[in-house]
Amino acid sequence: MAETEYDKEHTHPGVGQYVEIGIILAVMTLLEVILFESFDRGFSTQVGIPALIILTILKFMLVVLWFMHLRFDHKLFRRLFFVGVALALLVFGIVGANFYLGPQPGF
Amino acid sequence: MSDMSAPLPGTDYEHSTSLGLSNNKLAMWTFIGSECLFFGALISTYLIYVGRTNEGPTPAGIYDIPFTSVSTFILLMSSLGMVLALAAIQAGEMRKFRTWILATGLMGATFLAGQFYEFTVFAAEEFNLTTSPFSSSFFVLTGFHGLHVALGILMLLAMWTASMMGRLPQQLHTTVENIGLYWHFVDIVWIIIFTVVYLIPAAPTAPPGG
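Respectively, the protein sequence lines represent chains A and B. In case it helps, the numbering used here puts the first sequence at residues 1 to 107. In case it helps, the numbering used here puts the second sequence at residues 1001 to 1210.
For reference, chain B alone in the conformation it holds in the complex (with noise of 0.2 Å):
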């Protein structure tokens, strides 16, 4: 029977760059600086149009905070997951990595069920894509982080079928640490979507949107 964590075929674990750095960990952090400027742009623009609400619901009457707040925690605590799955395979304890992995991708999962069910609430109060500047960029703005979410736990479940054939050794921790950037940079937009779209909108005497 053949050693299931040994390196694959043509794989170098041990090569180096110029820079003394990983490439593809390099890549990552230029990858996430840049989609700091997408979220920027999308955020900005939520808070150009928050106020124009077209006579259509407004934040303090849409929004269902404690909701939102539960999704909020399970989305922090699964980036808490995420750096207990990272040291789990680090310390070689593969199964204990398997099962971190897994309750990060299903908390991934549940964040993403709560803001389906959010969007059909507020489709049933007729407050959708269209229905002002700040519904629609309400929606974009959510609807495309949900989207990297989704794209986030594919990753996660990858990583978990790789784990389970054999296919991701304890070498190749650095994969696992470069799809828990991209994780936790899913985490950190949250956390300012937060605030920014849901706490301070809501609040009773928000600022003016313009």
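The shape of chain A in the complex, shown without the other chains (with noise of 0.2 Å):
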């Protein structure tokens, strides 16, 4: 596989960054389990989903950023991956709008 003279220029992170993200992925995901469990012990819901939903797009832009170096690889990645994320967030919204408002099939 060829190696550009872009490839060659852009830096990625050390090996103590990628450690330091691995830790903080590792306590994000141990927090969605346990505000999971606190469901059971009365935590509202109503706060919680937020919650695993905000952790979830922090894990999410984390690996994107950091273990994919879309946070220092060159812009037209990150369009690609981003347009890519759009359409399917398009998709969802059509699908649901869809379904929600629409006649409902026969199940």
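It should be emphasised that the hints constitute simulated quantities derived from the structure, not laboratory data. Owing to the predicted nature of the structure, the values given are computational and were not obtained by experimental measurement. Incorrect hints may appear among the rest.
[As the list claims (entries may be wrong)] Computed footprint of chain A on chain B, listed as stretches where at least three residues anywhere in the stretch have a Cβ under 8 Å from a Cβ of chain A: (1) 1021 to 1029; (2) 1037 to 1043; (3) 1079 to 1088; (4) 1182 to 1195.
Ideal Cβ positions, reconstructed from N, Cα and C, are used throughout, including at glycine.
Since each chain sits alone in its own frame, please combine them into the complex, following the hints.
And the structure:
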């Protein structure tokens, strides 16, 4: 596989930073599980579920920006990825709207 | 004795591209962008049918969250293994690279074994592909994710084998980076699945799913 001038110039995080991100991801996953378990002890899901979603988005962004190097890489790669994510969200919105607003399937 | 890290005949590491970017990396990001749509459609379908259980098992009744949490942790740590393998090959530390690649593959295999175990437990509780719209959407989504993990493991093993045979020199670190991108993508899909498919629907007062 070819190594281009760009590949030789752009930098990636060091091992220490990768390990830090790994630890943060592990702690966030633990927080998610603690949040989930706290629902059985009366913790409000109205607060807990948005918190779970926020933790998920943060974990997603940490992996994408650091482990996949989008924070450091060329903007074209960022565009390709986030266009895909935006289209996926659009599909989700259209399907969801069609399901909740349109005629119900006969299951 | 020949130099095992020398470029293969006909291999040109230095050729330039019109964008100044690796074409292979560009192709991988385009593929990943399209995969976002694929999994987006499957997750949307799951969310629509999660409430349609046909009087069969419900998410709260069937999921084993502590077990899935451990699987999730293992897959997350495999992503760490992947970046450490990339850092190792970029530094020319080939032995360390092979160790991390193998560790990443093993963690992926452990995750897959956990998924297989989960599916067999579900089957024993008469929760299978045809039980309900909820079960169909669950098995199709998690099954396709598992298939992606399996393909990733094959690619990791191929890289490990190539490195052992001296066919993956340090100059080809962009190959490792591209396969790493695929592996991390599989990981971020699971990050979403863990919350959206497992945690939220299994919560005591989960929002209605249709």
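Check each numbered hint against the structure and report the violated ones by number, ascending.
-> none
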